[in-house]
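As given, the protein sequences belong to chains A and B, one line each in that order.
Its first residue numbered 139, the first sequence is counted upward by one per residue in the numbering used here.
Its first residue numbered -17, the second sequence is counted upward by one per residue in the numbering used here.
None of these hints come from the bench; they were simulated from the model.
Heads up, the beta-carbon is just placed ideally off N, CA and C, and yes, glycines get one too.
There's no promise every hint is true.
Said to hold, decoys possible - Here are a few chain A residues that face chain B, going by a calculated C-beta distance under 8 Å:
{"#": "1", "residue": "202"}
{"#": "2", "residue": "217"}
{"#": "3", "residue": "234"}
{"#": "4", "residue": "251"}
{"#": "5", "residue": "269"}
{"#": "6", "residue": "274"}
{"#": "7", "residue": "275"}
{"#": "8", "residue": "306"}
To be verified - With a straight-line Cα cutoff of 35 Å, these simulated DSBU-like cross-link-like pairs (lysine-lysine) come out:
{"#": "9", "chain 1": "B", "residue 1": "119", "chain 2": "A", "residue 2": "340"}
{"#": "10", "chain 1": "A", "residue 1": "148", "chain 2": "B", "residue 2": "229"}
{"#": "11", "chain 1": "A", "residue 1": "251", "chain 2": "B", "residue 2": "229"}
{"#": "12", "chain 1": "A", "residue 1": "251", "chain 2": "B", "residue 2": "119"}
{"#": "13", "chain 1": "A", "residue 1": "340", "chain 2": "B", "residue 2": "216"}
{"#": "14", "chain 1": "B", "residue 1": "119", "chain 2": "A", "residue 2": "170"}
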Amino acid sequence: MTCLPAHTDKKLGLVIDLDTCVGCQACVTACKEWNTGGHMAPLTDIDPYGGNADGVWFNRVHSYEHMTEMGGRTVNFPRSCLHCETPACVTVCPTGASYKRASDGIVLVDEDKCIGCKLCSWACPYGAREFDTDVGVMKKCTLCVDRIYNDNLAEEDRVPACVAACPTSARHFGDLGDPASAISQLVAERGGVDLMPEMGYKPTNKYLPPRAHTTRAASVPAPALEAVRAEGGFLGWVDRMLSN
Amino acid sequence: MHPAFSVVFFTTATGAGYGLLALLGVLAGQGFIPPDFWLGLTGMGLALGLISAGLLSSAGHLGRPERAWRAFSQWRSSWLSREGIASVATFVPAGLFGIGWVVLGRTSGWVAVAGLLAAIGAVATVCTTGMIYASLKPIAQWHSRFTLPAYLIFATMTGSVLLNALLQGFGVGSAAVLACALLATFAGWGWKLVTWRYNDRLEIPTTANTATGLAGGTVRSIEWPHTEENYLLKEMGFRIARKHSAKLRQFTQVLAFALPALLLLAAFALPWPYAAASSMLAAIAQLAGMLVERWLFFAEAKHTVTLYYGR
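In isolation and in its complexed conformation, chain B is listed as follows (with noise of 0.2 Å):
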């Protein structure tokens, strides 16, 4: 497939942002956060600006933005039009509790409601991204089991690391987020190499036999329709030679999972500021990584019609 940048930094920005929402909404709605305007106006800052971006760069992607209200219409049959609808939903109580945490500064009542119900808003919304891309029979490293609990874990993962590096920032980091960050970027880690192994095993049951209806023997591509690349080929014929995505897997191990680990292993010796330098280096170098992780979701993932073009 196609690695739109668009919808690449769409996924890892939402990803990102509404894993820090999550995290903010339940964590600061119970008191474990202190009420800090600062601190606050950041937090919600980033998490609502990258989640704001990503859907901003997902209507670019479209062929008529301007009909894009029409997409909230379709949620009985069609992941992407439930995406759209917990996207924006989300903002209600994400609004509510921005408001009452960081300009009101309280952290009980309504606001901790608000901040579950945002929490509860951003976990469907990743949910309904990871199902857009499950769904999809005719690209088979998509629509594995693998696919849902990577985008929870990712926006898990680069949430928890963004919300270490702001309560770094800020002087009041604790062990235990910076032990759940830690743990979540081992989690992503783990996640990703099982699930590149099944992808390098997957035997699809699909052919070139089974796409024209020619049984038995070999069925070979002898010549195209047209002499000039398509629509199909540009966008779900995307091929990257073998060599690259061994080096990508690498880069994306080592930017998105190695290297952040270290700094976060860094970050429990080191003493403030050295230990908040250190977290926000492994915040960037993760996101840095994670749009690595998703170029290759996308460039690796295989889509049934070039089998028609012997691809």
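Next comes chain A alone, as it looks inside the complex (with noise of 0.2 Å):
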């Protein structure tokens, strides 16, 4: 059914560092390759070498400015499900093909079932669903379940792919329902928070904002070609002379 389970036994999800992510995209492609083999291939794209290549993702990264009174500066943001506890896209759907595990709250999409009338991906706020066109079905991350429980893979490689791949250990895989997780704990030391929290949706993926401003430098760059502090002797007198 496509009601929601009551109570999970976990949360797993993701911690997203906003503050070291460096927008390599290596967590996209890592997805994908994957993904294209796992659990919802394939990832289909259409026309891949052509003017309009599209195809189907599971994880994108946005590069955005945030300017703010202390400073700009650049922030890549990586995209992807956010496995919300109460999520709309699981509610709507006419078919139980979309479903949230009672035991890990991993929200999936079951292709034998899914009609693709899109409704789900309507449903959701943050884009996080993407139409296969070649199949007719909904895809969407999978928390890579085809990882996480592999015994056939070495316990340290049992994490999505787009957390194996990271260099810069910007993203992080654990249970967000347990208190005590490493990954829990890191979100409180860093005040991470919701996207979207008047949606209602009560994502299970947390981003962690970027660290605040230094006040070491100076807030306000000093225009160019002059010094920040009035200079004395004769580079002074060069410089009262020049100005005038």
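If you follow the hints, you should be able to join the two separate chains into one complex; please do so.
What follows is the structure, encoded as structure tokens:
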């Protein structure tokens, strides 16, 4: 049924550190590589080498300019399914293809039941679901269910492909329902936030905001070719002469 | 939101079809419409034809239409599933009513009951259609108190204008039905104007800041994850220029409301067959106008995912 489980034993999810993400897209390509042969395979590409390339991806990295009174910076922002606690994408599904697992909270699509009505993608505020026009069904992030429980992999590899690929350790995987887990501690320590909390979907994944700007540097850079402090001596005399 | 023609046609056609079915079920079942074979056949054929064409069109919108039967299973949580069940269930009393009223020429007893049940089914189905849109939180223009009444009002409006055209066409028009069609058209016009006014002043709490979790200041998209349009932009990022929106709103007002109102007013004064021609033109203009209205309903709706793309 597409009714939501009242309780999930675990709340498996990701924590993404916006402070350390460098926007290298390694998580994007690792995700595509693993999942095009995984649980939701294939992640179809349409016209991949032509002028209108289109395809299914579970993870996409945006780049933003965040300007505040403290200054500006570039923030790289990976966007994928947040495995919400109250996901409307599941409850709107008319066929029971979309479901949230009671054991670990992962939101999945049963491709054999999906009729491709696309309503779940309308119900997701985050754009986490992408339609496969070739197969005619909806696809989404599986949190790599076929890796995290896979006994054929070494224990350290039993994490989602995006987490394993990240070169700056900006992506973390674990049980966000357990306050004692390393990932929950990280969220508490760094003040992790929900995306669009006002929507009420209660996302499981958390984002760690960039660390505050340092106060050691000048908050407003000095204009080019002018000293921050008034120069004395010979250079001061040159400065005064040329300024006249 | 992308205005897929299949869905624009589906909601407009089924709205008009269920509106006509409900009115026929109640009025004919209670004996207000004389039992006439050709009138009944045309009326029920029009109502069920519009409904069936709409439902087939919506099935064509599916990625895997051969699995459409699965959509009857999740009525406990899904408005789309409830719509599927209500639409199919309504065919049962509607079919019985059609046999009783049209073929047997009866309007009493079980035929009247079937007519009432068909009307209830029609109203329920239109409600479920409205709720599919009204329940979607990421689309503020739909997730409002205006959406469900709009579907009910427009179904009543197009249904009553069709019924008037039908009765006038068979030379049995009544001033009461004509007046109802006119009033419903004004009600629809008013509701659309109020809805547009509300949507134009809409301010939602969701911004690029809450979408990215970056508090304070401004968040500006400087680079997309992809160079070509993807599914999200094609499906949810549909935009039309403001000037087109204003023009299309004028088209809607003229075709769906103003012109039908004028033609219905003229039908009061004109003798048959001019009143019949005027009534039919009113119905045709209104259905064309409602297609434009429904196109705008989608095209002007903004999904929160567009915030990630700085749109």
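Cross-check of the supplied hints:
no.: 1; hint: 202; result: 5 Å, holds
no.: 2; hint: 217; result: 6 Å, holds
no.: 3; hint: 234; result: 5 Å, holds
no.: 4; hint: 251; result: 6 Å, holds
no.: 5; hint: 269; result: 5 Å, holds
no.: 6; hint: 274; result: 3 Å, holds
no.: 7; hint: 275; result: 6 Å, holds
no.: 8; hint: 306; result: 18 Å, violated
no.: 9; hint: B/119 x A/340; result: 13 Å, holds
no.: 10; hint: A/148 x B/229; result: 53 Å, violated
no.: 11; hint: A/251 x B/229; result: 42 Å, violated
no.: 12; hint: A/251 x B/119; result: 25 Å, holds
no.: 13; hint: A/340 x B/216; result: 27 Å, holds
no.: 14; hint: B/119 x A/170; result: 29 Å, holds
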